[in-house]
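**Student:** Top to bottom, those sequences are chains A and B. All residue numbers for the first sequence refer to the working numbering, where the first residue is 23 and numbers rise by one. All residue numbers for the second sequence refer to the working numbering, where the first residue is 1045 and numbers rise by one.
The hints are simulated quantities; they were obtained by calculation from the structure and are not laboratory data. Please note: incorrect hints may appear among the correct ones.
[To be verified] Derived pair list, reagent style DMTMM-like, types lysine to aspartate or glutamate, alpha-carbon separation capped at 25 Å: (1) A:K234 - B:E1265; (2) B:K1264 - B:D1299; (3) A:K234 - B:D1299; (4) B:K1264 - A:E209; (5) B:K1264 - A:D115.
[As the list claims (entries may be wrong)] Among chain B residues calculated to face chain A with C-beta under 10 Å, some are: (6) R1132; (7) G1200; (8) Q1302; (9) D1304; (10) L1326; (11) L1330; (12) V1369.
[Stated by the list, open to error] Which stretches of chain A does chain B cover? Using the computed rule of at least three CB atoms under 8 Å from a CB of chain B, they are: (13) 125-131; (14) 154-164.
Ideal placement from N, C-alpha and C gives every residue a C-beta, glycine not left out.
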Amino acid sequence: MGQARGEGPLRLAVPRGALLGETLDALDAIGIDTSEVRGESRSLIFETEGLTLVTMRPSDVPTYVEAGAADVGITGKDVLLEQHDRVVYELLDLRFGRCRMVLAGRKGDQRLGESQRRLGMMRIATKYPRTAERHFEQTGRQVEVIDVKGSVELAPLIGLADGIVDLVATGRTLEENDLEVREEILECTARFVANRVAHKLRAREVDGLTGKLREGLAR
Amino acid sequence: MHPIPPGTRDVLPDEMRELRRLHLAMIEVFESRGYGEVSTPAIEYDAVLARGDGRTADSAYRFFDERGDLLALRSDMTIPIARLVASRYAGAEQPLRLCYLANAFRAVRPQRGQMREFAQAGVELIGAPAPDGTAEIVEVLEATLDAAGLDRAVIGLGDADLYRQLLNELGIEGEARDSILDRLAAHDLVGLEVELSALDGIGDEQVATCIALSQLRGGKEVLDEARSLGGAAVERATARLGETFEALEARGVADRVQIDLGLLRDLGYYSGAILEVYDPALGHVLGGGGRYDELLERFGVNLPAAGFALYLERVHVAQMEEESVGGGAR
């Protein structure tokens, strides 16, 4: 890409993974050709009419957008909450990718309550340590947050933690692992975000894209 | 290896040479316009900084001296200069023009161009009221950006009182008001809509107005767009912005200024016009400033004032990026 920053089409950070399909649908709906992204290509960057699509992990979107390497981006509210010290402008709730951040424990198991009552704190395994810490702090409970990277459902099954804080879409993973929801923490959807400087200096383009995405939602 | 604290760094000769050149170019602009350079201690009494702004005084670095007094590293230069003016220049002829290049300290997530110890170059114009005092500051700022080779840089001009007054007008007070101001400052439009809608007595139309207002940025025409959204607070803010913009036009420095009704600065001492500086080559804000007509009064002298500060390291990063673009190379 020979383009200088601040020139050429806007760069949109597109989340790979669970949000990718609906993100591309939303882009199709506003007339952006996403067929190349959907194809077999291993490229990370796709030039389309009027927009450069840059694909990445959802949790990297705030990093790229804050630094201005991408002008705008799409990612989950869960990611934004976990990285709430990243400065990005949250312009639009895209309403897809709906899921819930929950506290879950083993079915019929009293460990969560028992630990809190007798030991004064619960051990919670999660991929969202900061969101979990904030939730328990706000609700006045002491916890030991255990940061894990892989399948978090494993932790309560073999005694690493009393419960987990995780994202749940259908609840099937919890069900299959004999876990159940104990508390709803918050509901998350995909959000459209912008870099602070791009929002100022490329106002017309950013507003145009925001407006089109908003209209797309209304349809 | 012998470590240094996170967010601090050593500067080696090649970089230092460029920073020095940049520093000298900026100070030359300041001096040529009658701004005299001052230096103040990096450590101040915490109580003195807190007098300027309770929130800024939330300094990252505080400690006790041998007498048990609470000290803090300054987080910007405006408050120390307000203190200096009040104690060293009582009764001096106005306006007073001062400038500085100094290190300040904040608890931020360290990344390129954003360290916990950083250098700021800036000016303070004390005793010159709006709108002409503001226009002078913008003129000096533009000359400084030119001297740094950032001809693509843009200055955002907003109003610090707009949302405080607008929320008062809507009867939003206390915690709800602070929380909404935070959302506005962060441009969290989704959260803003949710919170405003949850308040009693705030209708959909008022929510829409508030959000639309925060997205208005551009040339003089946005003042008319803002006025059409209505309300006394908006009327007052657009009138102030209009006056400032005319003063800028009169000095011939309005071309690079973008009026921005969504601008909020996170420091508590601003009132009236506020400024922010952007360059398309950099994703971070280069600096900012504005009027702080009530700050000096907190130190016992009632004088209107305005100023700006640029982050020296960020200007340097932007300079390098602009050179690699080719257009801005000198």
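**Student:** State for each hint whether it applies.
**Tutor:** Each hint tested on the structure:
{"no.": "1", "hint": "A:K234 - B:E1265", "result": "23 Å, holds"}
{"no.": "2", "hint": "B:K1264 - B:D1299", "result": "11 Å, holds"}
{"no.": "3", "hint": "A:K234 - B:D1299", "result": "30 Å, violated"}
{"no.": "4", "hint": "B:K1264 - A:E209", "result": "40 Å, violated"}
{"no.": "5", "hint": "B:K1264 - A:D115", "result": "30 Å, violated"}
{"no.": "6", "hint": "R1132", "result": "37 Å, violated"}
{"no.": "7", "hint": "G1200", "result": "6 Å, holds"}
{"no.": "8", "hint": "Q1302", "result": "7 Å, holds"}
{"no.": "9", "hint": "D1304", "result": "7 Å, holds"}
{"no.": "10", "hint": "L1326", "result": "7 Å, holds"}
{"no.": "11", "hint": "L1330", "result": "9 Å, holds"}
{"no.": "12", "hint": "V1369", "result": "4 Å, holds"}
{"no.": "13", "hint": "125-131", "result": "violated (count 0)"}
{"no.": "14", "hint": "154-164", "result": "violated (count 0)"}
Of the numbered hints given earlier, the model fails hints 3, 4, 5, 6, 13 and 14; all others are met.
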